[in-house]
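Residue numbers (full-length UniProt numbering), protein chains in the order written: chain E, 1 to 344; chain Y, 1 to 344; chain X, 1 to 331; chain F, 1 to 331.
Careful: at least some of the hints might be erroneous.
[Claimed, not checked] The calculated SDA-like cross-link candidates involving lysine to any residue, where the alpha carbons are at most 25 angstroms apart (straight line), are: (1) Lys-66(F) / Lys-327(E); (2) Lys-327(E) / Asn-198(X); (3) Lys-15(X) / Thr-289(X); (4) Lys-172(X) / Leu-260(Y); (5) Lys-55(Y) / Glu-253(F).
Don't read these hints as lab results, they were simulated from the structure.
Now for the letters of each chain:
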Amino acid sequence: MTRKISFSEAINEAMKLAMRKDENVILLGEDVAGGAAVDHLQDDEAWGGVMGVTKGLVQEFGRDRVLDTPIAEAGYIGASVTAAATGLRPIAELMFNDFIGSCLDEVMNQAAKLRYMFGGKAKVPLTIRTMHGAGFRAAAQHSQSLYALFTHIPGLKVVIPSTPQDAKGLLLSSIFDDDPVIFFEDKTLYNMKGEVEEGFYTIPIGKADIKREGSDLTIVAIGKQVHTALKAANMLADKGIEAEVVDPRSLSPLDEETILSSVAKTGRLIVIDEANPRCSAATDISALVADKGFDYLDAPIKMITAPHSPVPFSPVLEDLYLPTPEKVLKVVAEMIGDETIVTV
Amino acid sequence: MTRKISFSEAINEAMKLAMRKDENVILLGEDVAGGAAVDHLQDDEAWGGVMGVTKGLVQEFGRDRVLDTPIAEAGYIGASVTAAATGLRPIAELMFNDFIGSCLDEVMNQAAKLRYMFGGKAKVPLTIRTMHGAGFRAAAQHSQSLYALFTHIPGLKVVIPSTPQDAKGLLLSSIFDDDPVIFFEDKTLYNMKGEVEEGFYTIPIGKADIKREGSDLTIVAIGKQVHTALKAANMLADKGIEAEVVDPRSLSPLDEETILSSVAKTGRLIVIDEANPRCSAATDISALVADKGFDYLDAPIKMITAPHSPVPFSPVLEDLYLPTPEKVLKVVAEMIGDETIVTV
Amino acid sequence: MTVMKPEMKSLTREKAKWMYEKMCEIRQFEDKVHEIFSKGVLPGFVHLYAGEEAVAVGVCAHLDEKDSITSTHRGHGHCIAKGCDLNGMMAEIYGKATGLCKGKGGSMHIADVEKGMLGANGIVGGGFPLAVGAALTAKLKKTGAVAVCFFGDGANNHGTFHEGINLAAIWKLPVIFVAENNGYAEATPFAYASSCKNIADRAIAYNIPGEIVDGKDVVAVYEAAERAILRARNGEGPTLIECKTYRNYGHFEGDAQKYKTAEEKEKHIKEWDAIAKFRRYVLSQQLLTEQELHEIERKVIETVKNAVEFAEQSPFPQAEDLLKDVYVSYQ
Amino acid sequence: MTVMKPEMKSLTREKAKWMYEKMCEIRQFEDKVHEIFSKGVLPGFVHLYAGEEAVAVGVCAHLDEKDSITSTHRGHGHCIAKGCDLNGMMAEIYGKATGLCKGKGGSMHIADVEKGMLGANGIVGGGFPLAVGAALTAKLKKTGAVAVCFFGDGANNHGTFHEGINLAAIWKLPVIFVAENNGYAEATPFAYASSCKNIADRAIAYNIPGEIVDGKDVVAVYEAAERAILRARNGEGPTLIECKTYRNYGHFEGDAQKYKTAEEKEKHIKEWDAIAKFRRYVLSQQLLTEQELHEIERKVIETVKNAVEFAEQSPFPQAEDLLKDVYVSYQ
Ligand SMILES: Cc1ncc(C[n+]2csc(CCOP(=O)(O)OP(=O)(O)O)c2C)c(N)n1
Ligand SMILES: Cc1ncc(C[n+]2csc(CCOP(=O)(O)OP(=O)(O)O)c2C)c(N)n1
Ligand SMILES: [Mg+2]
Ligand SMILES: [Mg+2]
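Next up, chain E with everything else stripped away, as it sits in the complex (with noise of 0.2 angstroms):
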């Protein structure tokens, strides 16, 4: 049974039926609940997240088991780290992904590494839910994608949703699986609705999917850039082009083989990532296929990414930032050495 929520519901409802489940689980980061200790606020009146998306929660589990915390990204999530390793299951939000610049020695020292520095005699089942991405006029310290530094460091899992389904599924995996896991959410897909089954389901981690089959060329999309793609793709079918999009769903693992089964079909590969280019997911993607992939190419790879610099505020030039369908359509064009496909 499925019904149509929106990606930010599906990540409610994930963290709901974790939380039935397992009494290990808990919630925790600044306004999670919201307005702690305030005598006469109506649970129901707590923010729930600065964008609601833990709206509810504090309703059903209390405010033992979601735990607003001080401005201290250092401290709590530091904390997470280590009552992971001693018995919680603990689901800490780092609100923006932008905001890991306060404490990335607890994600990248400790938590990535507590388990192999012990020698395999310890585990830290945490997930990290952070907000990313461009779109939303927040500017340069608000907008950032930064999945790429976390996918550089082993003993992290890297987590991307792009549709409720997947959301729901992926979190659920994500907060059952004993590595840390880094969740991250783009803000300006909240709104999206989407079919969702009903109950509690996981999707694997380190599974891509096939988004969309076809056969000309291979779209590999990051997040909601696989609408992007999505788009693009409608858009050249209609030219008579069929684009295959993949969806790898998590960066770190990588699902390589249906990566490259999918160029060995169709001998081309675009990579979609709206992140920075250098030292990317991008041209992390690109590696893989010019390595392991390189005899079925009959294309060089091209990559479609924001530009190497910070995001803009002004909407106009942020606008400009960020990959479109059109963009994708002028890379294709290109590839195949067909201008008219990009007159749509």
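Starting from the known structure of chain E, fit chains Y, X and F with the ligands onto it as the hints suggest.
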């Protein structure tokens, strides 16, 4: 005029010359002088940094310009950002690059973005010197090579020298550059000696150096791995294979042209990068060539990197962790389909 | 609310006039932004300073352009008090090319380095080390300048508070740390998130003076700031001043503010309003006349109206601006 | 050195014996590592705890396996006091497969989570939040356990000090923050880097008790820890205990220690030695006899000798271990 001095002496000399030239250049960091406020301490008994790289600077420039800091990376690196924006030209030492977890915000959200966010009305002439690299038996939290993280972030420049001569010239360029530069020093290179020009000279940031010419394949190697590449190239030369060794010297900006022309000549590319493999400098350079140099390529692009794991402590494991000339030979053998070259 | 009794020392007629004007400008500016935002015209996150005017103005009244300030996500008030151009500010909030940051920063990053305004900041706690850096320059280059770090009660629990103040203290840097304790960080009450009763109590941890001030009383703020700045300029090091204040609007535009009570809103917004209080004060002290005040109020309305017009009529940035100013020379 | 007068409460014969043995084990272990390191046999950075034994032992004397501790780069003493196996520790320092972390962690990362030893830590200040997390589990799961965070005077200026203690304080978590103030962070004196006179003075900033203890007096440490742990187990929240101590060796092996004076070394290492002091104490209190002490000392020498032999004879890890334990199931 040149003479043989060590990598660490070359770096020390660059700082000395910069501080003589411009009184706005200051140096700050943990124990960069050493023994602050210890009355009985003779200046030449001061530590001069945990590895002695800054030894002697406090004697010449005094404790106003060579500042020992508390263990507060966010504090003093953050302070360096605005010290730079308000008229100084600080060299801030982040003892080990692994400690970036304590001050990423100051580097990523402040230093790197100030100029852009302020519409070009500020500049941040800050150099952060930092130690990186495995092979020192320093374990998971003191052995990382994290330049990919910085290369991903627009607004930063990332410099990584492989020889004493380059180190001095590039550090002088970095200090007098008006943008924030992260300058990587491999701790296992400090004792390496080489011919170094006397006096003040600069090497431009963004200009790769061909450390060895060759026509059969291109090896792009980063930092210390340039020496792995050169050793491998010598071994290959014995087998009649001429490898070109390209040292990018800076990862941001990256000298795309030199890399691409080399591959245009050789048709083959191997990247050696001792950092972790995912979203790395290795994938970045691969992806560049898989796009803009695709037509030159006769073979898949190969990357020789650390595995996707933290750095192990045990010497036997750490030795397996790093790239070696033997690993390069094995890859070349596969690449050219001649197994005989691995039997050295 | 713990309150230090203000004791007039140096408030001249001219200063009082400037202060009243700046407070009115801030209030008028923020009320206007609130109004425009509610029409859905403005992009992004906007955090308004209305209600806290006395803090920015009382402190900045002592500063000139060589002095620096660091600000927060709630930065409009600091900008105005530090002398930023209102047209440029409003245009920035609109994302226009004529904005102080050419539209690239927006509300959360307005800056004017030449005026010593080192930027609003989207990172809570980001300002502590930055203020220290400006003060380090001042000390080493012997400019006689001071740096002021404005920060919220929420920021007071961030690690940078600790690192920044300790650094300033051991190096005896000319920094004034000004807490704007408005009782909330987003929806989280100060008393829940902070283990100290007052932020100023934390000064002891750094062996520096800590002072609690009625942040609705611009004269009290002015006096406390004067003491701290004197200390700083004399090379005696930093001071921590805690201003008890209140934000009249929500955390950001769109906040339903259910965590506030009707009574507290009534008290803070009506009874204890900082501008009304200062108005009564200057009249009672015969520093300014009713007519002068009226004149200022009229002028301010005009200024802000012009700023909105300027912003609305200004052009957006051009496509080629996207990649400018990433580096001093973009590569 | 400010000193709290110890007042005996609960020190039994058995406890005294355990404490003496653990202190001797630490000293003997560290002296031995020092000796071996100087022969160039040991890889990496090694930071020795000799001289500070009374701190780890006085505190851990109250803990059992369900209680947790977080440690520092100078972690051997904490490990031993928390009951880690000496063979496994020494093998770890040698990078052997039989090490507590299978040779993957080394001196700076020795851990034994089952024993509640949450790891030495190469990151200064890394332990504060980690101790808070263990205490959070204890509180939410109502285990009655406490968490102890050992940290240095250098760490006391890191932002995590502030964030960790504030969190523990507002949530009234069972954490004991134990400062090991040995006067230096690397070559940097405490008095230069810290704006406070005593680390314990900073407790006020968090509204928690702060106590200064003679860290060379294991009985004093034991008493202070008892009070703090009682408080923690009663749900009254964290305590900050500052132990004034000294490290007998350099910051790490290889440090020439020019920043120390001959006099201070003489005083701390000879006159105020913690083990000698405790030895005199247990004799004077007739808790243990000369013969018993002698027996312990003999046994400890044997234990450490065995540990070295064990380590030397142990095999190195295998190539296939390199990629194990990155993830629970490595992908
Ligand atoms: C490091 C960081 N963490 C969290 C946030 C999200 N955030 C923005 S403003 C705010 C509350 C700040 O409260 P306070 O310091 O009291 O300032 P006020 O808004 O009351 O002026 C939070 C949590 C942020 N911007 N930066
Ligand atoms: C975040 C971080 N910064 C710097 C260092 C380098 N470092 C290792 S130990 C040390 C000094 C620590 O001093 P203290 O906390 O007093 O502990 P002690 O060595 O005296 O036991 C420093 C600066 C580090 N390991 N981590
Ligand atoms: Mg506030
Ligand atoms: Mg110390």
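Outcome of the hint check:
1. A C-alpha spacing of about 58 angstroms is found between Lys-66(F) and Lys-327(E), which places the hinted pair above 25 angstroms, so the restraint is violated.
2. The straight-line distance between the Cα atoms of Lys-327(E) and Asn-198(X) is roughly 54 angstroms, outside the 25 angstroms bound, and the hint therefore fails.
3. Of the supplied pair hints, the one linking Lys-15(X) and Thr-289(X) holds, its CA atoms being roughly 14 angstroms apart against a limit of 25 angstroms.
4. At most 25 angstroms may separate the alpha-carbon atoms for a hinted pair to count; Lys-172(X) and Leu-260(Y) exceed this at roughly 53 angstroms.
5. The straight-line distance between the Cα atoms of Lys-55(Y) and Glu-253(F) is roughly 19 angstroms, inside the 25 angstroms bound, and the hint therefore holds.
Violated hints, in rising order: 1, 2 and 4; the structure is consistent with all others.
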